[in-house]
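A.B. asks: Sequence lines, in order, name chains A and B.
Residue numbers for the first sequence follow our numbering, so the first one is -12 and each next one is one higher.
Residue numbers for the second sequence follow our numbering, so the first one is 27 and each next one is one higher.
Honestly, the hints are just simulated from the structure, not real lab data.
Any given hint might turn out to be false.
[As the list claims (entries may be wrong)] Now the stretches of chain A that chain B is said to cover, found in silico as 3 or more residues with beta-carbon under 8 Å:
hint	segment
1	79 to 88
2	140 to 149
[Said to hold, decoys possible] A few chain B residues that don't get close to chain A, going by computed Cβ distances all over 12 Å:
hint	residue
3	Glu48
4	Phe64
5	Met98
6	Arg276
7	Val321
No experiment lies behind these values; they were computed from the predicted model shown.
Built from N, CA and C at the ideal position, the CB exists for glycine as well.
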Amino acid sequence: MENIDTLKKRELLEYLVLIRRFEERVKVLYNQGAIMGAIHLYIGQEAVAVGVCRSLRDEDTVFSTHRGHGHAIAKSGEVERIMAELMGRDEGLSRGHGGSMHLFEPSKGLMGGNGIVGGGIPLSLGGAFTAQYQGSDRVSVGFFSDGAVNQGTFAECLNLAALWKLPVLLVCENNQYAATTPVERSTAVRDVAGRARAYGVQAEKVDGNDVQAVYTAAVSAVAALRGGEGPRLLECETYRVEPHCGIIPDERTPGERELWNPRDPVYLFAERLLGEGEITRADLEALEQVVRERLDRAVEFGTRSPWPDPKAEPHRTWVLE
Amino acid sequence: MRKIWYKTAINEAMHEEMARDERVFLIGEDVDLFGGVFKISRGLVERFGARRVRGTPISESAFVGLAAGAAMTGLRPIVEMMYVDFALVAMDQLINQAASTSYMSGGRVRLPLVVRGQYGTGTSEAAQHSRNFESWFINTPGYKVVMPSTAYDAKGLLKSAIRDENPVLYLENRVLYTHKEEVPDGEWVVPIGAADVKRAGADITVVATGYAVHKALAAAQQLAGKVDVEVLDPRTLDPLDLPAVLASVRKTANLLVVQEAPLQCSFASEVIRLVAQEAFGDLEHPPLALGAADVPVPFSPALERAVIPQVVDIVAAVERVLGRSGQS
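All chains, please: the whole structure from these sequences, using the hints.
C.D. replies: Rendered as structure tokens:
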């Protein structure tokens, strides 16, 4: 595995912890009724968002999914305004118009999540098309999960991306579940990378719970994209710890979650850095403290942010010229 | 003045707007080969190159979504649907994605996208190549819906659509492609949301769309001397130029709406709703809507003619509104 410097390792760890604690806080707020709607928690998959998004520049575009808090934080860092959006407030990233599944920060390349499984894949090709059209070396990333690989858009987009050599990185987060259906009950050929190769897209499988593995794979894929070598797919094997969303319970085989615990991406990377002597226990505690305080501020920001004013809001669908 | 076809007008609008704005590109099936199936993109690939005129695989969801994503990131795509019927394959991309994204972003993302293609009946192509689905998009927040009936309007409205900051569905009538008319020299644009009175009259307002405008004009000609018919073409169905419709109805005190689409929950029923709401007291007789029968468009010309309003049906409907004949 490629060596990455201490600074980068710390950055990856900070984002892992930030997203994990953010999601835990969201779960509490959701159960208290302070956050409404359908909340899809990212717990267990943090290494994918962090490894991929921290390999990108601000100007690179990311098209996220319904389970997009992790992508949004890792790409934009806008924790306070993401929290406000989840609370439906006027200072939220999308001014309370989108919510959990539709987090936009175009200035940081965050081009929104998506309420439709597989619906964002074609949009991510659009970001890549624009970069190619403008002769820029920007890249575009489309996140989706194993649930989306059985949508027609996945097949159509593999072909189109390969045909036009679009600078798009397709990231499959194979989290083992499509809503509540396990992958073995929905997918005849589970080798997503192999399916991509069949369409002419270079693809690689990576341990989606190992942030360093995801990051190094993403760095090399992004370099290839910037060099005009055509699309890439990363299949990241991971595990969705929480149910599909806040309103849909699921039942797992007893012991299944426990089996994944040792592979917890946050624990795994923290222990590795401790073992390597990159950080100390005290560093870790300090990081947790910083994250805790930041999330306190985010919750306060969201809570104090005004509701969107229905009277001021013209409910205009069309933007003005 | 010069005479051009309706389809030439569409082609000229794309030539001019692509020359004017580097961000505009055309994407769709066969658009880069021989000018496309209906020759609407004639000369574009030769002039602007393969980068800006992109022929696609038959993957409507992929290329509509790609265009929407390109619009979100700074380009101004024109998507050509070979037949608008094929847009149904891409409905998630057209509605859930393209129509909703700008609003869901709180206005932080813009989506200037033109989806254009030919529609209509009268050429015996059966239900999957004859759809009139403008009413669905009127019912969808996010789209402007444009439906020109003349070459002048076709060119001027497409130029406005390409310059618009929002998704625009631009509907081209297949039968009208070879309709030829005089147009001025030089550049013109027709604003979105402005109706046009195609024939002034005093006795009844006939609001008609697309090819039905020409049928209404023919009906007005037949009725001349007996009934003085005003034909109003809204040109843009959404947003509707309601002031123009109301002004006409207040003048004539009678209303017939004619379209080639089925009637239930449609553009025609919407016009009647708005007029009933805003100008009920100005109406002399109950208004009437004329549209396609509630069946998939049939293949045989004998059947197809029967389910789509024809000139004779419009003449009869005018007489019915005015109470000048007894039939139901």
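A.B. asks: Can you tell me if the segment 140 to 149 of chain A counts as covered by chain B, using C-beta to C-beta distances under 8 Å and a minimum of three residues?
C.D. replies: holds (count 5)
A.B. asks: Closest CB-CB distance from B:Met98 to chain A, is it above 12 Å?
C.D. replies: With a cut-off of 12 Å, B:Met98 comes too close to chain A, as the shortest Cβ separation is near 6 Å.
A.B. asks: Would the non-interface assignment of B:Phe64 survive a Cβ cutoff of 12 Å against chain A?
C.D. replies: holds (23 Å)
A.B. asks: The output says B:Val321 does not contact chain A. Does that hold with a beta carbon cutoff of 12 Å?
C.D. replies: Holds: least Cβ distance 29 Å, greater than 12 Å.
A.B. asks: Confirm or reject: B:Arg276 is not an interface residue toward chain A, with every Cβ-Cβ distance exceeding 12 Å.
C.D. replies: With a cut-off of 12 Å, B:Arg276 remains clear of chain A, as the shortest Cβ separation is near 28 Å.
A.B. asks: Checking the smallest CB distance to chain A, is B:Glu48 really beyond 12 Å?
C.D. replies: violated (9 Å)
A.B. asks: Three residues minimum, CB to CB under 8 Å: does the segment 79 to 88 of chain A make the cut for coverage by chain B? Let me know.
C.D. replies: holds (count 7)
Hints 3 and 5 from the earlier list are contradicted by this structure; the remaining hints agree with it.
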